[in-house]
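Novice: Fit chain B to the known structure of chain A by using the hints.
Listed below are the residues making up each chain.
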Amino acid sequence: MKARAKAAPPVRRDRGLAVWAGGLAAGFILLLTFGSVVAVLSRAEGGLTLGAGDWAAIRFTVLQAALSAALSVGLAVPVARALARRRFAGRAVLVTLMGAPFILPVIVAVLGLVMVFGRAGWVSHLLALFGLAPVNIYGLHGVVIAHVFFNLPLATRLILQGWLAIPAERFRLAATLGMGPGDIARHLGRPMLRATLPGAFMVIFLICTTSFAVALALGGGPRATTVELAIYQAFRFDFDLSRAALLALIQLAISGAAALLALWVAVPQATGAGLDRTVERWDAATPGLRLLDGGLIALAALFLLLPLLAVALRGLPELASLPAPVWAAAWRSLWVAGLSVVLALTLAMAMTLAITRLRHRPALSRGVEVTGYLAVAVSPLVIGTGLFLILFPLVDPVALALPVTALVNAVMALPFALRALVPAAAEVESRFGPLADSLGMTGLNRLRRLTLPRLRRPLGFAAALTGALSMGDLGVIALFADPDGATLPLLLFRYMGSYRMETAAGVALLLLGLSLLIFWCLDRGGRVNADL
Amino acid sequence: MLTFDGLLIEQGDFHLAVDMVVPSGAQVAIMGPSGAGKSTFLSLVAGFMAPVAGRLLWRGTDLLPLPPAQRPVSMIFQDNNLFPHLTAFGNAALGVRPSGRLDRGETAMVMRALASVGLEGLEHRKPATLSGGQQSRAALARMLVQDRPLVLLDEPFSALGPALRAEMVGLVSDLCAKRRATLLMVTHDPADAARLDGSLCIVAAGKVSAPAPARATLANPPEALRSYLG
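For the record, the sequence lines run as chains A and B.
Mapping of the first sequence onto the working numbering: position 510 corresponds to residue 501, and the numbering continues sequentially without gaps.
Quick note: to get the working numbering, add 899 to the position in the second sequence (first position is 1).
For reference, chain A alone in the conformation it holds in the complex:
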């Protein structure tokens, strides 16, 4: 009976405003993404031919993304297996921490990695004790190490979710049948991995093709330049617009193809729910396996925590004596993050309402949703370059550096905001829609008294993600900002570039603290007193 109650109601309710607002938001995104590409193209002069440097950038982009994805996924397989079959104090904290790199400012992590794996880092010191040469973190392997740092936790969580999705009864059955670790791997693990790994690989590959800050800090030179970095150099150093435009199109093609492939292999969803659950395992109780799992977990934890520890240890004494420009930059960053949150939530809310209210027209609804996810494939640098060209004749783009950065960051955060909001809004409609309809709650009343209060948690989470991402972003701002208008991540990058490592560590710690604080406050704001 219940299934049949889903039919379209005879009279469509007055919901035009939300649909218009959502359509407007989607149109705005389309204009911003494709409009900026067109703007860049229209300024491109001369023939569109690829030089040797461009080919090198394409090769490097694909190579580093493939290596990063393969290493992240490959290392995640044993780590996830260890986490799935072990229970220990701190496991929940560790699993939660594995979600944290997402909101970690990239440039902070890069500084931490330099302090651990760099020429003067901890690992080099350790090697020197044995008379070995120091390691060098710049170049391909540095870029890959940084990408693995960010994506190993993501891959681990995705695979762990796969393990935990296997019903506990299967493991009990395996135990009664006397299956050992090898049998379990063959009968339970392998089918799950076959379903999970392609998606995990593709999503990490996609993330790594659009990586800019890592390449900016650790790459460079003819042998380690990504397409994104090449766009930045063409624009900022040579002001060669036709080359920037061409590279922008290439970037669009690479990440677009990666996104389509990722969609095709069905990316697993990291819901984060229930990852603290463990299943009783009878097969893995041998001392050897315990040692193996314990070692793997410890290594993974060290790899993730050491860089942050390095930043904290060296940054803490510096905090009190940070130079004045740092505090000014911190203000600017907070301001950008705040504006991003407002913009992203406005866009996301308008689109979410339109998506839920257009459910009876699936093509339109889907169209609005896909538009929101476009940002996954479109490079922020391309949008930034396009906006620069559009604004250039009208105003001084440098004066608009911060608002433009906030806007681009908002668009980049939009996919994540939508992923939090759309399912929640659909759930609110299916649970309370009929009741609200029968009470005549429409328009603003419905929004104020039903939708917004019910969406507080996902709204808080979306705001928290956007705020933290925008706070730590080092992308568009690098294109625009003059020396006096830097945000905190850009300032940190400049200190690193001039080898003022102590000050850099202090700034990094401040940036890290502010990002986590923003995330915590906004996320908490959605949770406090939220009635379920």
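No wet-lab data here; the hints were simulated from the structure.
Errors might be hidden in some of the hints.
Claimed, not checked - Facing chain B, according to a computed beta carbon distance under 10 Å, are these residues of chain A, among others:
no.	residue
1	337
2	425
3	428
4	430
5	444
Ideal placement from N, C-alpha and C gives every residue a C-beta, glycine not left out.
Specialist: Quick look at chain B alone, frame taken from chain A:
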């Protein structure tokens, strides 16, 4: 008088034909095997679903063109009857108007309604801190405040224990009788139907039977009901 005039619902393989009259003030229990279309039938009256043919008249007015909120209907669902972020008072107040903003007279009216269902002193509790029975009472208070002549209940108390359910059905029956409201209640428990002491409709084999006296029907059930009751 609620008139179902040649109404026909079609959804894929599913059909339901309704052709009957429910007198004003009647209290009708609706029973039938699951999947037969009991909830669909209520959805039709409430306006969540449109028929492919026929008319639905309430005192001579065709209800079909009206959206749910403009029909003379108040409805209590199987679950999710209360908004978890609003207090018992806030939920009941929505029955006055969708904004929930009330003047002094309306506030007093909502308080009276809450008192008459036995929620005095619990007005400012949110649903999570109310028991199942109290949640049902809060929904009934909203129904009272809405003061619509047609009351639809879709197995509203199925989560309650037998004694509490009997009490709630009795309460609904009294409240409706006092206001001369017409009551349509889907239930799977013959005891509920008997307690209403009104009439009984059977939904089975693609048809809704005309209301017949409940006790007599239950004492001597027709084939469709007999196989359901077992």
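Novice: How about residue 337 of chain A: closest beta carbon in chain B under 10 Å, or not?
Specialist: Because about 22 Å separates residue 337 of chain A from the closest Cβ in chain B, which is outside the 10 Å limit, the hint is violated.
Novice: Can we keep the residue 444 of chain A interface hint, with Cβ of chain B closer than 10 Å?
Specialist: 4 Å, holds
Novice: Just to be careful: measuring from the Cβ of residue 430 of chain A to every Cβ in chain B, is the smallest value less than 10 Å?
Specialist: 5 Å, holds
Novice: Given residue 428 of chain A was flagged as interface, is its beta-carbon under 10 Å from a beta-carbon of chain B?
Specialist: With a minimum Cβ separation of about 4 Å from chain B (threshold 10 Å), the hint on residue 428 of chain A holds.
Novice: Take the shortest C-beta to C-beta distance between residue 425 of chain A and chain B; is it under 10 Å?
Specialist: With Cβ-Cβ at 6 Å, under 10 Å, it holds.
The structure does not agree with numbered hint 1 stated previously, though it agrees with all others.
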